[in-house]
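Colleague: Chains as they are written, first to last, in numbering that gives the first Met the number 0: chain A, 0 to 650; chain B, 0 to 247.
It should be emphasised that the hints constitute simulated quantities derived from the structure, not laboratory data. Check each hint, because a few of them may be wrong.
[Said to hold, decoys possible] Cut-off 20 Å, straight-line C-alpha distance, at most; resulting in silico cross-link-like pairs (SDA-like, lysine to any residue):
hint, chain 1, residue 1, chain 2, residue 2
1, A, Lys-16, B, Arg-24
2, A, Lys-247, A, Glu-61
3, A, Lys-16, B, Arg-209
4, A, Lys-488, A, Thr-552
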Amino acid sequence: MSDLWPRLEPLLARVEKPARYIGMERGSRRPEHGPDRVAWLLLYPDAYEVGLPNQGLQILYEILNERPDALAERSYAPWVDLEAELRAHGLPLFSVDTHRPATDFDLLAFNLSAELVYTNLLNCVDLAGVPVRVADRGPQHPLVVAGGHCTYNPEPLADFVDAFVIGDGEEVVSEITEVVKAWKRSGRANREAVLRDLATVPGVYVPSMYEVEYDGPQFVGITPKYSDVPAIVDKRTIADLADWPYPKEQLVPLIEVVHDRLNVELFRGCTRGCRFCQAGMITRPVRERPIEQARTMVQQGLRRSGYDEVALTSLSSADFSGIEGLVGSIVDEQSGTGSVSLSLPSLRVDAFTVGVASQIQKVRRTGLTFAPEAGTWRMRQVINKLVTEEDLYSAADAAFSQGWRRVKLYFLIGLPTETDVDTLGIAELARNVVEIGKRHTKAASATASVGGFVPKPHTPFQWFGQNSVAELHRKVALLRDDLRRSPAKVRWHDPEATFAEGIVSRGDRRIGAVIERVWRAGGTFQEWSERFDLTRWLDAMAAEGLDPEWYVTRHRTGEEAQPWDHIAAGLHRDFLWGDWKAALAEHGLPDCRWTPCYDCGVCTGYALEHVVASPTPPAGGSQGTGQDLAAAAVGVPVRFLGTAREGFRAR
Amino acid sequence: MRGDTGFPVRMRYAKRGPVRFIGHRDVARAFERAFRIAELPLAFSAGFSPHPKVSFGPALAVGYESDAEYLDVELAEALADERLVRDVTGGLPAGMTVTGVTRLADRAPSLQEEIASLGYRVTTGGVDPVALSAAVEAFLALSEIRVPVARKGEHHVEDIRPSVLALTALPGESVVDVEVATRPRTLRVADVVTGLRTVSEDAAPLEELRVVRTRQWIERGGARWEPLDVDRRSEAPEGATRALETCA
């Protein structure tokens, strides 16, 4: 059995959006399989239109297919209608590239970008015909591996995933390929041995090689079973983004997907230090792509893909050292055709200037989103999102003055120390933004989008007890009432889904049984509101004798062990604890790219350095540092692109 | 107005294989991208948000294949037919191929206005060729065939017989060729299959397995025309033609 297409094709005529399953995107590959090639099936455990754009998966797809001894194909979670057809006809999960059964591959490699997709991982493994539990798998089964931001707390999936990759995947996939190649040559006989070998690859965590200890409900610790298995698994980091100009041939889907545009990653990592933001904490340090390379990737990507929109992506794109020049040159290159639009996701208001605004509006304009995250300056000091009201208002003014009519504002509710004054501050900001817009256009509008805060591992807020469902509902109602007669609108994320995310986010290995129960009860596609039901999660917790409040709303003490203590993002525990205390004291912490190093542990611990093109912050705004930025920073490991200067900056 | 800023071109293309599962809007986007990949000099509409002037013929149902799809696009400058065929096909998904090009006269009527009938080849299942052929004969013998049809979510019972312009069973095969009218409204292949099931008891288990649109026709002066063969731009420039007419 190698090509399932003849049997799949008649089923596709009966399902919604059949083109989800045909592959054939521009940039896709149909690799040759063979005994000397390690076969990876890269899976995004959500619907095709959510998974296809994932850049991490596309980067690994290219890197692996460039290797003569490896190949990669893709798969996405089949929607419930096709899943039913597959099960009814006895067909397994398949790759979309050559429609092979998933078990034709040596590895099923999942990208985990969100906790609520975990039940889909189990469903995909089961549909593949592989036992969902690690303990039940035999030599005939492929290895189930996972990477992505969620693996910084791998424990909730530890019973189902053979090996996790922590951190950047660009280099480690090749090392895993070597180990699996040897296993494949040996006839894939000894599963235990290959897992043992994988456990010694830096950045790889093999949960079955570790023992978990509890004391009643309390988690005590995780320790390796063998001496050659590391007690702490450190994340992988690629030192220089310039070495990895991927994806070179971004996939162009045949049907509409989210983020349906060319995406060019400007930099990885962020040191703004927002305390709620796991991505910013675990991806340090900042590594910028050389501006010339970014420009080339934009030009070639547009020409090759036929896209008419490009997004310059990162965790805070306006912080890119050469942002105005880059935006300007893209705009100049495209002017004349008048047909390419540019978007800058994750814009910080303090770096969004009239200069950037006027450059973008020369090409086609897309919606503009800012993320002040909290309604008052006090609250923003707590979360260390150090943008002032003036920053937001001048960004809004710049946008409306350059012709934008709609501005979207992202906020979190349920943050530590939050009071109703802070919540209502969100309404106040949204109202004032509309007010500013009205000076420029009658059609000005603003939407405040609020999401409940879920504390994440490896952040200063990992000790914080999440707000209850009732409390989040109360805060949403407060905002709705306050904006009832306002032109500013409010949208919110379902507090019940936020609660389920909270169960998993800081869950330990015992949560695995809960995930399995939710999956067995039919709880797939939990990211989709029409498929989500908190009752399933609460029932599963009750059946396992676990207290949801203990996992979600309980404040952690400084003494207790955390289920992810054996996974290292490089951040000193003392730094995180100190930053948590600083948050409660309403003290902000400046960005270490431009101000003195406070030694979070990452650069010093891993001998890494920031790679940035400019020693000064981008123009405009307060930059939230509250410091004289002209004064030389002290002892920050920074390498400047395009200069010979390296290493620590002079004192 | 068509032709006021450039050179209108009509293209015929095929849609074969797995790409049959993409919809009409996806096809439109695939062409927009293919035009950009091919770096075609497109003419843009005037106004606040300029867009290329592209228009398509009648939509093809998701899952159907076709050897006869058409679109009109306006170029800012004239291009060789061979280059259009090669470069646009190069930018399209696998299975979509440009198979013919014609330069249109200015102010040629649009495909949506002009396409009068559509031909399909329907491979069926559930019924043997003899029963199928009998159902076709029964169908053709009737002057009225009322079947339930779904339109915009509402169910009506309609007489489909006048819209079926031709219907033939291929000898010894479970295949029929059918030509349906687009007016007063386009008849769906599924409705024809329902009609066949209705007229013959032996054809009750009939189901459509694979549908290929084989032709589209424009009616002009009582004759049927392949859409690439009407409204061609004359070889002499329009101005010259007009000048000659004035002389005569």
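Colleague: Each of the hints needs a verdict: does it hold here or not?
Modeller: Okay, the hints, checked on the actual structure:
1. Lys-16(A) / Arg-24(B): Given pair Lys-16(A), Arg-24(B) holds - Cα atoms ~13 Å apart, limit 20 Å.
2. Lys-247(A) / Glu-61(A): Holds, because 8 Å separates the two Cα atoms, which is no more than 20 Å.
3. Lys-16(A) / Arg-209(B): holds, 18 Å
4. Lys-488(A) / Thr-552(A): violated, 29 Å
Checked against the numbered hints above, the structure breaks only hint 4 and satisfies the rest.
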